[in-house]
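Chemist: Here the protein sequences come in this chain order: R and E. Under the working numbering, the first residue of the first sequence carries the number 1, and numbering increases by one thereafter. Under the working numbering, the first residue of the second sequence carries the number 1, and numbering increases by one thereafter.
The set of hints was computed from the structure by calculation and includes no laboratory data. Worth double-checking, as some hints may not be accurate.
Stretches of chain E that chain R covers, calculated by requiring three or more beta carbons in the stretch to come under 8 Å of a beta carbon on chain R [unchecked claim]:
#	segment
1	18-28
2	31-44
3	47-56
4	91-105
List time: in silico DSS-like cross-link candidates among lysine-lysine, alpha-carbon distance up to 27 Å [claimed, not checked]:
#	chain 1	residue 1	chain 2	residue 2
5	R	K266	E	K4
6	R	K365	R	K239
7	E	K98	R	K266
8	E	K81	R	K311
9	R	K311	R	K280
Beta carbons are placed, not taken as given, at the ideal position from N, Cα and C, and that holds for glycine.
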Amino acid sequence: MRDVAIIGVGMIPFGRRDQDSLIDMLAYASMKALDDAHLGDKAVDAVYVANMGGGILQHQTGIASALVDRLSLLPAAADLVENGPASGASAIKNGVQAIASGYSDVVLVAGGEKMREVTGWRATDFVATLTHPESEYPYGITLPGMAGMFTRLYMEQHGLTAEALVAVAIKNQEMGALNPYAHVEMMITKEGIFDSPHSVVNNPLVADPLRLYDACPVSDGAAAVLMCPLEMARELTEKQPVVVAGFGQATDTHTLQERDDPTDLKAVRLAAQQAFDRAKLKPSDVDVAELHDAFTVLEIAESEHVGFFGKGEGSKAALAGLTRFGGKIPINVSGGLKARGHPVGATGVAQVVEITWQLRHELPKERQVKNAKVGLTVNFGGFGNNVLAFVLRRAS
Amino acid sequence: MEAKVANDWRLRGQRYRLEGEVCGHCGVAIFPPRDICPECGKPAKTPAPLSGRGEVYTFSTVYNAPEGFEPYTPYTVALVKLEEGPVVTAQLTDVAPKDVQIGMPVEMVTRRLRTHGEEGTIVYGYKFRPRVRV
Ligand SMILES: [Zn+2]
Numbered sequence: 001m002r003d004v005a006i007i008g009v010g011m012i013p014f015g016r017r018d019q020d021s022l023i024d025m026l027a028y029a030s031m032k033a034l035d036d037a038h039l040g041d042k043a044v045d046a047v048y049v050a051n052m053g054g055g056i057l058q059h060q061t062g063i064a065s066a067l068v069d070r071l072s073l074l075p076a077a078a079d080l081v082e083n084g085p086a087s088g089a090s091a092i093k094n095g096v097q098a099i100a101s102g103y104s105d106v107v108l109v110a111g112g113e114k115m116r117e118v119t120g121w122r123a124t125d126f127v128a129t130l131t132h133p134e135s136e137y138p139y140g141i142t143l144p145g146m147a148g149m150f151t152r153l154y155m156e157q158h159g160l161t162a163e164a165l166v167a168v169a170i171k172n173q174e175m176g177a178l179n180p181y182a183h184v185e186m187m188i189t190k191e192g193i194f195d196s197p198h199s200v201v202n203n204p205l206v207a208d209p210l211r212l213y214d215a216c217p218v219s220d221g222a223a224a225v226l227m228c229p230l231e232m233a234r235e236l237t238e239k240q241p242v243v244v245a246g247f248g249q250a251t252d253t254h255t256l257q258e259r260d261d262p263t264d265l266k267a268v269r270l271a272a273q274q275a276f277d278r279a280k281l282k283p284s285d286v287d288v289a290e291l292h293d294a295f296t297v298l299e300i301a302e303s304e305h306v307g308f309f310g311k312g313e314g315s316k317a318a319l320a321g322l323t324r325f326g327g328k329i330p331i332n333v334s335g336g337l338k339a340r341g342h343p344v345g346a347t348g349v350a351q352v353v354e355i356t357w358q359l360r361h362e363l364p365k366e367r368q369v370k371n372a373k374v375g376l377t378v379n380f381g382g383f384g385n386n387v388l389a390f391v392l393r394r395a396s
Numbered sequence: 001m002e003a004k005v006a007n008d009w010r011l012r013g014q015r016y017r018l019e020g021e022v023c024g025h026c027g028v029a030i031f032p033p034r035d036i037c038p039e040c041g042k043p044a045k046t047p048a049p050l051s052g053r054g055e056v057y058t059f060s061t062v063y064n065a066p067e068g069f070e071p072y073t074p075y076t077v078a079l080v081k082l083e084e085g086p087v088v089t090a091q092l093t094d095v096a097p098k099d100v101q102i103g104m105p106v107e108m109v110t111r112r113l114r115t116h117g118e119e120g121t122i123v124y125g126y127k128f129r130p131r132v133r134v
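Start from the sequences, fold in the hints, and give me the full structure.
Modeler: Below, the structure is given as structure tokens:
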């Protein structure tokens, strides 16, 4: 098997993008990744597109074929990868396998989602189509509702506090304000969303005990990465290559109700373990991480399940500032899903784009983790029923 | 949003009678029915209704509903652990959100789940209320 390098990355600002179609967004992000690599004449062999909702939200299918044509990359192979909110990481995984196996040399992965052209109710319904169609969906179960039930158990059993959730929300919005690609660029204060009498108005319940500022926004957006075998990277581009040192993927029961311990994010634990094993690295080697904070509670729970902290220690770590920029293990220096936004198909790709910038040392100093060499991403599909993790390393 | 009459008909056993399955090999109770035992992996096709008695394992009151559920907000969803072992996901009814507690004894009732647009049908199914039957 060949080692795989990331040689180009690109992203468009997340938010509300009425001016662009889904294919426009995917194309713009892809062109940025191609430009970033200065690939020259070398052809792209294969394109993997990550998207969850084109068929439902845009009434459009065949998204991957539409994109290769739009980008004039014909006759490159093109496939759509749908794995819910983990579609992005799944598409990258497909690209990594294609290159590692020798079937493809230059692979483009583009992830995108256009969620803001429907009402909030319809967007909530769209995401809820991930739930079990017989035993969850008909009962009005939403992803925030599942996260709310999960949070209540985590509070009962693992020392999670509302104050720790607030610390994550503030941290991620603070970092998002420094990220020009982030959807939400507004700083918030503990006073405003937690302490003051007005906080219940500013920060209403959405799925008790979770509040508005515990949830990520609904966004449009796209991101792309270009990859090739590490051995070819130096001749193809002058960019500092970033190596996909390891990936892991694991599944768990479709429903939350069928888990022996619903607070055990088994798929997160297994995917991270597998990624670390393949990379021959361990959690303490990680300099910067992008975790899937669709809800603040998930950042804390994942920080425990990937092995940064023991179970029940994630809350304390968040409150002590260990996960802030400049802390022991900076998490979501991009602002995370919470502030960057969560266009579902784009998220897993955007996480890898962010870590690539970090490992190339290309970011402005107010959010560049000093001398970062190893990064981790976790992309969480369903309510933790299909999870991928990547360990990325700056090539020496 | 999508819901079809044929789908509602096909699911009538589990919706109205909380009908699951029991594994003939290892004896475990299964809900929702899936014809393959999640414990031992062997075929399990023997229908078995559940008692509908259990307790609240966890819950959340939902304020932002998906399309089709907007008129019913806020509503409380819960994981209910049944006496036979399986856990089901359902809405709670006949109780104010502030009075719900983990461990609260509940029982199944049949209620309207939603009135939906496409084919104009009203969908009925299970909800759970604080236990009144002894
Ligand atoms: Zn069995």
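Chemist: Run the distance test for K266 of chain R versus K4 of chain E: straight-line Cα separation, threshold 27 Å.
Modeler: violated, 34 Å
Chemist: How does the coverage statement for the segment 47-56 of chain E fare against chain R, requiring three or more residues with Cβ below 8 Å from a Cβ of that chain?
Modeler: violated (count 0)
Chemist: Please work out if K311 of chain R and K280 of chain R have their alpha carbons no farther apart than 27 Å.
Modeler: holds, 23 Å
Chemist: Would the pair K365 of chain R and K239 of chain R pass a check requiring their Cα atoms to be no farther apart than 27 Å?
Modeler: The given pair, whose Cα atoms are some 19 Å apart, holds under the 27 Å limit.
Chemist: Against the 27 Å threshold, does the CA-CA distance of K98 of chain E and K266 of chain R hold or violate the hint?
Modeler: violated, 31 Å
Chemist: Verify the coverage statement for the segment 18-28 of chain E against chain R, using a C-beta to C-beta distance below 8 Å and requiring 3 or more qualifying residues.
Modeler: Result for this restraint: violated, n = 0.
Chemist: For the pair supplied as a hint, K81 of chain E and K311 of chain R, is the alpha-carbon distance within the 27 Å limit?
Modeler: holds, 24 Å
Chemist: Are three or more residues of the segment 31-44 of chain E within 8 Å, CB to CB, of chain R?
Modeler: That given contact holds, which follows from 3 residues of the segment 31-44 of chain E lying within Cβ reach (below 8 Å) of chain R.
Chemist: Counting residues of the segment 91-105 of chain E that have a beta-carbon nearer than 8 Å to any beta-carbon of chain R, does the count reach 3?
Modeler: Holds, because 3 residues of the segment 91-105 of chain E bring their Cβ atoms closer than 8 Å to Cβ atoms of chain R.
Hint compliance for this structure: hints 1, 3, 5, 7 are broken, all remaining hints hold.
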